Amino acid sequence: MIDTLRHFLPQLLAGFLVNLQVAGGALAIGLVVGMPLALLRQVAPRSGRIVWPCVRLMQAAPVYVVMFFVLSLLPRDLMLFGGHGIGLAAVILAQSVYMTAYVAENGYRALVHLRREEPELALLFLPNLLRGTLVVVMSSGFGAAIGVSEAVSVTMREAEKLHAAGDRVLLFVVVIGFFVAVFSTANALIGRLVRHMMAKKLAVTG
Amino acid sequence: MAAQATWLEDAAAEWLGIRINLTLLKHESAVRLLFEGVGYSLALVVGAMLATTAFALGLAWLMSHGPRPLRRCIGLLSMLGQTSPLPLLLFFGYVVAGGITQYSGPVALIAAVVVIGFYNGANAGRAIDDAYRVAPGRSFLGAVSAAGIQLVAFLINATKGSPAAGMIGVPEFLNVMTDLSAYSRDRVAVYLTLLVFYTGLVLAVIALLARLEARLAEHVQRTQ
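From first to last, the protein sequence lines stand for chains A and B.
Residue 93 in our numbering sits at position 92 of the first sequence; the count goes up by one each step and never skips.
Residue 212 in our numbering sits at position 166 of the second sequence; the count goes up by one each step and never skips.
Keep in mind that a hint or two might mislead.
Quick look at which bits of chain B chain A covers, simulated, 3 or more residues with Cβ under 8 angstroms [said to hold, decoys possible]: (1) 120-134; (2) 213-225; (3) 231-243.
Just so you know, the hints here were simulated from the structure itself, not pulled from any lab data.
Please read these numbers as outputs of a predicted model, since none were measured by experiment.
The beta carbon of each residue, even a glycine, is placed where N, CA and C say it ideally should be.
With the hints as extra help, turn the sequences into a complete structure.
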C-alpha cells in the first residue's frame with residue numbers, strides 16, 4: 002500500500018491542480034459576467050426585474066446537469082488545454098454559471114455597503130469570493146463523470162486497480178484526509194482574514 | 047404512448063413549424079425506464095432532504111448536548127463533511143456499499159441519500175450548533191429557527207446535488223436519459239429538457255421550504 006501511495010500522491014497533486022484550474026477559470030468568468038450584473042442593478046434598479054430572476058435561475062440550476070448540457074453544446078472536435086479540453090471546458094463553464102450568480106449577489110451587497118460608506122463591510126466581498134472559489138474547487142470533482150482528470154477521477158482510477166476492499170477504503174481515507182487538511186487550512190485563513198477586517202472596522206468606528 | 051408521441055410531433059410541425067423528435071416515447075421499454083428514472087429522481091430528492099434534516103438535527107443535538115468526548119468526535123465528523131468534496135464522498139459511499147452488499151439500483155440510491163444527507167447535514171448542523179452557542183439560554187428549536195436560513199440553503203443544496211448520484215450508478219432521470227439518448231443526434235434538446243426538469247424541481251423545493259421556514263419561525267415566536 003505504501004508503494005501505491007508513493008506513486009499515487011504526485012498524480013493526486015496533478016489532479017488537484019486541475020481542480021484549481023477549474024476554480025480559477027470559473028472565478029474569472031464569474032467576475033467578468035457577474036460584476037457588470039451587480040453594477041447594473043446598482044445603477045439601474047429597474048433592471049433588477051429582468052436580471053434578478055436570471056440570477057435566481059442560475060442559482061437554482063444544478064451544476065452537474067448544467068455540465069452535461071454544456072457538453073452537448075460544445076463541438077466534439079474542440080481543441081483546448083492541450084487537446085483534451087472539451088470536458089474541462091464543460092466543467093469550467095458549468096461552474097461559472099454558479100460563480101456568476103454568486104459574484105452578482107455578493108458584488109451587489111458590497112456595492113450597497115460602499116454607497117452607505119461602509120468600506121470595511123464592502124471588503125468582506127473578498128473573503129466571500131474566496132469561499133465561493135473553495136465551493137467550486139470542491140464541486141469540480143463532478144468532472145470525473147465526463148472524464149476530466151482531476152483529483153476525484155485520479156482517485157477512482159487508482160481505486161479500480163486495487164483488489165482488496167480494505168485497500169480501497171484506505172486510499173479514500175488518505176484522499177479525504179488530504180482534502181480535509183487543504184480546506185480546513187483555507188477556511189481557517191479566510192476566518193482570520195474576516196476577523197482581521199472586522200477588528201479594523203471596530204477600530205475605525207471606535 | 048406511441049400514437050400520442052406521433053400526434054405531438056405532427057402538431058408541433060403543423061402549428062408551430064418546428065420539428066421535434068420524440069422517438070424515445072414511441073418504445074414501451076424506453077417509456078418505462080424514463081418513468082422509473084423520474085421515480086428515482088424524486089425519491090433521491092425526498093430522501094436527500096430527509097437525510098439532510100436528520101443529520102443536521104442529530105449532529106447539532108449531539109454537538110450541543112452530548113458529553114465532551116462525544117462532542118469532539120461529532121465535531122471532527124462534521125468537519126469531515128464540511129471539507130470533503132461531494133463527488134469524493136459519493137465514490138467513498140459506493141466503495142463501502144459495494145464492499146458490504148451486492149450493488150444494485152436501490153443500494154446505490156440508499157448510499158447516495160446517506161452521503162448527500164451527511165455532506166449537507168454536517169454543514170447545516172454546524173450552523174445550528176453555532177446559533178445555539180451564541181445565545182446560551184435559547185432552546186434547541188429556537189437555535190434551529192435562528193439557523194433556518196442556513197438549513198434551508200443546505201436543503202436546497204441537497205436537492206441540487208441529487209443528480210450527481212448518477213455518478214455512482216443510481217438509475218435516476220439524468221442517467222436514464224443519457225443512456226437512452228447515447229446515439230441520438232438531438233442531444234442538446236435532451237439535455238435542455240433535463241435542465242428544465244431539474245431546475246423546476248429545485249425551484250419547487252425552494253418555494254416549499256420558504257413556506258415551511260415561515261411556519262417554523264411563526265411557531266417559535268408563538269411559543270417564546
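Practice prompt. Hint by hint, work out which the structure violates, then give me just those numbers in ascending order.
Written response: none
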